[in-house]
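**Student:** Protein chains in written order, with our numbering: chain A, 973 to 1282; chain B, 190 to 346.
Keep in mind that the hints were calculated from the coordinates and are not lab data. Where is the CB? At the ideal position from N, CA and C, for every residue including glycine. Mixed in with the good hints there might be a few duds.
Per the computed footprint, the stretches of chain A lying under chain B, defined by three or more beta-carbons under 8 Å from a beta-carbon of chain B, are [as the list claims (entries may be wrong)]:
| # | segment |
| --- | --- |
| 1 | 1026 to 1032 |
| 2 | 1075 to 1082 |
Keeping only pairs whose Cα atoms sit at most 20 Å apart, straight-line, the calculated SDA-like set for lysine to any residue is [unchecked claim]:
| # | chain 1 | residue 1 | chain 2 | residue 2 |
| --- | --- | --- | --- | --- |
| 3 | A | Lys1044 | B | Thr271 |
| 4 | A | Lys1073 | A | Ser1245 |
| 5 | A | Lys1180 | B | Tyr245 |
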Amino acid sequence: MPNNRPRPPTKAQKGKSSTATPKKSASSQRFAERQAAKQQAAREQRRARTRTYGIVTIALVVVIVAVLVVVKVAGGGGSGSTVDVPSPPAGTPIPASTLAKLMSVPVSTLNAAPTGGILTTPQSVNNPALTAKGKPELLYIGAEFCPHCAAERWPVYIALSKFGTFSPAPGRIHSANLDGDVPTLTFYGTTYSSPYFTFTPVEVYTNKPEGNGYASLQQPTQAQSTLWQDTNGGTIPFLDFGGKQVLPSAQYSYGPLQNLPFSSVAAQVGNNSTSIGVDIDASAAQLIKTICGSLSHDQPSDVCSAVHNG
Amino acid sequence: MDEEIPRWPGVVGTVASAFGLGVAGYLTYEHFTSSTSLACSDNGVVNCLKVTTSTYSAVAGVPVAVLGLVFFAVMLVLQLPTMWRRPDPAVRLGRLAWAVVGLCTVLYLLYAELFAIDAICLWCTSVHVLTLVLFGVTVYATSAYPAPLAEEADVDG
Chain A
973 MPNNRPRPPT KAQKGKSSTA TPKKSASSQR FAERQAAKQQ AAREQRRART RTYGIVTIAL
1033 VVVIVAVLVV VKVAGGGGSG STVDVPSPPA GTPIPASTLA KLMSVPVSTL NAAPTGGILT
1093 TPQSVNNPAL TAKGKPELLY IGAEFCPHCA AERWPVYIAL SKFGTFSPAP GRIHSANLDG
1153 DVPTLTFYGT TYSSPYFTFT PVEVYTNKPE GNGYASLQQP TQAQSTLWQD TNGGTIPFLD
1213 FGGKQVLPSA QYSYGPLQNL PFSSVAAQVG NNSTSIGVDI DASAAQLIKT ICGSLSHDQP
1273 SDVCSAVHNG
Chain B
190 MDEEIPRWPG VVGTVASAFG LGVAGYLTYE HFTSSTSLAC SDNGVVNCLK VTTSTYSAVA
250 GVPVAVLGLV FFAVMLVLQL PTMWRRPDPA VRLGRLAWAV VGLCTVLYLL YAELFAIDAI
310 CLWCTSVHVL TLVLFGVTVY ATSAYPAPLA EEADVDG
């Protein structure tokens, strides 16, 4: 019977260490091992290369972030303590003669205006003292699009001009066309100086439509936002007189001011024979009285005595 | 011969995603409330309110905070250790692509904070850092530990 099974090698054959078939098998095994080693090496090489690409990518990202930060720091573009967004020009210049007229309305005239059109008066609050730069602070929060704020800025400007000066002078703007088109001044971009108190105006939005609202202009600080929100729910205009009194909304109706030219409204200030003049004058007198009592310790005496005696 | 993907990418990725999800959730909550309770310094340069209420706080009307929430929710799933163990190229490439999306968004927002808004929000910065960590982990682990199937295909080929 033929035996097809391979016979085990004899002792002699083992001693010679190889026959033709095992020799071929060992050789191919070595070849396979070399191939596997080559493939493994190639694979390791590819893996190392891929890993390097990954590391380079991560390093690149780190460099980009670092460059952004370094450029910012080196460029000195930081705003430091200011919180203003780079903004559009602060209104159209107002003729000096018009501003002079607004500033020079006698307190007695303001105080003599009937108060029938007054809708809101400053209210006493028991908030912590509001101060800035070592003085009592008058905080104003409004928005340029807002018609109520537009109306309120007239008496605010007139009242503030009795206690200090603006530099540069406020420009004129109007509330948004869709929101009454009320002519007014803007405090944005101005600095108010007074020996008695600090005035901090914050216009949170411009009058330029953007999306479903208006473009942002200034951002209240966290403390201002909290105060504003807690005191009147975040509505505008909002005035806080040193934490002692607040004006939660506009003092008079903006309705009669709609679509009027700035000069027309300005001409009526100090004229207690027109409804617009009366409303602005009476509102300004109230603000002066409030500032005297809450912020300026009844200084200057001629101004404060005039409203107290009225 | 395939090197098994270690556990650390899944662990680090999951933890970073979970933290990111939490912060993005907080910012989303603040976005849809008054924003006035946002716990953040307001010393000028660092001003969360200024950032989170700026015109850059929404993309095509969608609040960035919400986009962050979605990003981290998806990333959390992709970073789970079980997902890292899957050799499926779709998962690996999807995770990588998602990390790149996060990176691009972070670079855009960082630019906006530094050069347009001129203020930094610490909460946003923590989200940015977590996103960068996720990007780093994803890129490194994906490049350093190729998918087993891909390697086998390489070897066979």
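**Student:** Taking the hints in turn, state whether each one holds.
**Tutor:** How the hints compare with the structure:
1. Counting residues of the segment 1026 to 1032 of chain A whose CB falls under 8 Å from any CB of chain B gives 4; the rule of at least 3 is met.
2. For the segment 1075 to 1082 of chain A, the proposed coverage by chain B is not satisfied: 0 residues have a C-beta within less than 8 Å of a C-beta in that chain, short of the threshold of three.
3. Note on Lys1044(A) and Thr271(B): the hinted pairing is violated, with a Cα-Cα distance of about 41 Å set against a maximum of 20 Å.
4. Distance check on the hinted pair: Lys1073(A) and Ser1245(A) sit about 17 Å apart at the alpha-carbon level, within 20 Å; holds.
5. A C-alpha spacing of about 16 Å is found between Lys1180(A) and Tyr245(B), which places the hinted pair at or below 20 Å, so the restraint holds.
This entry does not satisfy hints 2, 3, going by the numbered hints stated previously.
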